[in-house]
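Asks: Generate coordinates for the entire structure from the input sequences, incorporating the hints supplied.
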Amino acid sequence: MEAQRDAVAGSLESSDVLVTVSKDAGSGVKIDIDSVVKKQYGKRIQSVTEEVSSKLGLKGAKIKVQDRGALECTLRARLETAIERATASA
Amino acid sequence: MEGILEAKSARWAKRISLAEALSPGSSLVTLTLRLPAALRVSELWRDRGRVLFDALAARAENAGLAPLSREFRQSADGPEGYLVVPARARRAKELALDFEEGEDWGALVDADIMGSGGSVYGREELGLEPRSCLVCGAQGSLCAVEKRHSTEEISARAEALWKRFCDKNAAEAGSDHRGSAGMQGGAEPR
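Line by line, the protein sequences give chains R and E.
Quick note on numbering: the first sequence equals residues 204 to 293 in this note's numbering.
Quick note on numbering: the second sequence equals residues 168 to 357 in this note's numbering.
Please note that a few of the clues may not be correct.
[Stated by the list, open to error] Computed cross-link-like contacts, PhoX-like style, restricted to lysine-lysine with a CA-CA straight-line distance of at most 20 Å:
1) R/K242 x E/K314
2) R/K226 x R/K258
3) R/K262 x R/K233
4) E/K314 x R/K241
5) R/K233 x R/K258
6) E/K314 x R/K246
[As the list claims (entries may be wrong)] Label-pair ranges, simulated between beta-carbon atoms:
7) E/D271 x R/Q207: 45 to 51 Å
8) E/T318 x R/R208: 37 to 43 Å
9) E/A205 x R/S225: 33 to 39 Å
Hints are computed from structural coordinates only; laboratory data are not their basis.
Ideal Cβ placement from N, Cα and C applies to all residues, glycine included.
Replies: Right under this line is the structure:
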């Protein structure tokens with residue numbers, strides 16, 4: 204599914220994550236990660252983001268992940284919501 | 168879990184809405200409890216959240232930043248309070264830091280700042296390190312992500328901090344009776 208519009212989910216509060224999905228040229232998915240625990244968990248955040256976007260069939264999009272110490276279950280939920288909002292039919 | 172995430176999203180949307188309506192030179196302070204969900208949604212900590220919010224409002228007033236508006240509510244994520252103060256974001260953040268770190272019980276709360284237009288003004292803007300864990304003093308976000316402490320362990324520490332907060336208020340109330348200035352604004356624990 205290609206991103207149809209820009210969409211966000213989550214927040215920049217502690218223990219949460221703000222996920223922004225926007226349209227991007229091409230058929231791939233670009234991922235940009237900013238996290239307060241990037242040094243320790245940057246690779247895990249990257250792999251979870253790749254896994255969720257692949258599972259949902261996202262294409263032609265850029266995902267910005269601004270993590271403020273969210274649990275993995277929170278990250279997954281926010282990713283799913285943002286991607287569904289970005290790809291939903293009008 | 169879903170209800171908590173929805174409540175966090177609703178709070179974030181409310182913060183942005185309030186911040187976008189700020190007049191120039193004012194900022195939004197949002198208070199939440201820095202505790203696990205199981206604790207912060209409990210009736211006990213819901214009440215205490217209100218007391219801490221009143222204490223933050225009193226601190227602002229004592230600092231010459233009497234709130235222009237205030238609102239407190241309970242959500243599925245626990246207590247949350249909103250203050251609009253007549254200060255630019257940096258000054259508001261200094262107020263928040265004084266409340267969060269001036270005394271050890273400040274570790275119980277997050278006091279987050281948004282400036283006009285919805286811009287977040289956090290610790291990074293002041294060049295500060297991330298907040299430390301209220302239990303062990305390590306980076307708090309790491310302890311949370313790794314679930315290093317049990318709810319029971321955090322609860323015990325939170326109770327100790329709450330007792331110190333109560334003791335301080337009781338001492339200040341005593342000095343008020345003797346004619347000294349003290350905390351104002353109904354910060355007495357219930």
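Asks: Does each hint hold? Answer for all of them.
Replies: Hints and how they fare:
About 17 Å separates the Cα atoms of R/K242 and E/K314, which keeps this hinted pair within 20 Å; it holds. A hinted pair counts as satisfied when its Cα atoms are at most 20 Å apart, and R/K226 with R/K258 qualifies at roughly 18 Å. Of the pairs offered as hints, the one joining R/K262 and R/K233 holds, with about 9 Å between alpha carbons and a cut-off of 20 Å not exceeded. The hinted pair formed by E/K314 and R/K241 meets the criterion: a straight-line CA distance of about 17 Å does not exceed 20 Å.
Under the criterion of a C-alpha separation no larger than 20 Å, the hint pairing R/K233 with R/K258 is consistent with the structure, at around 15 Å. Restraint check for E/K314 and R/K246: the C-alpha separation of about 19 Å stays at or below 20 Å, so the hint holds. Separated by about 50 Å at the C-beta atoms, E/D271 and R/Q207 satisfy the suggested range of 45 to 51 Å. The given range of 37 to 43 Å is respected by E/T318 and R/R208, whose C-beta atoms sit roughly 40 Å from each other.
Take E/A205 and R/S225: their Cβ atoms lie about 36 Å apart, and the range 33 to 39 Å holds.
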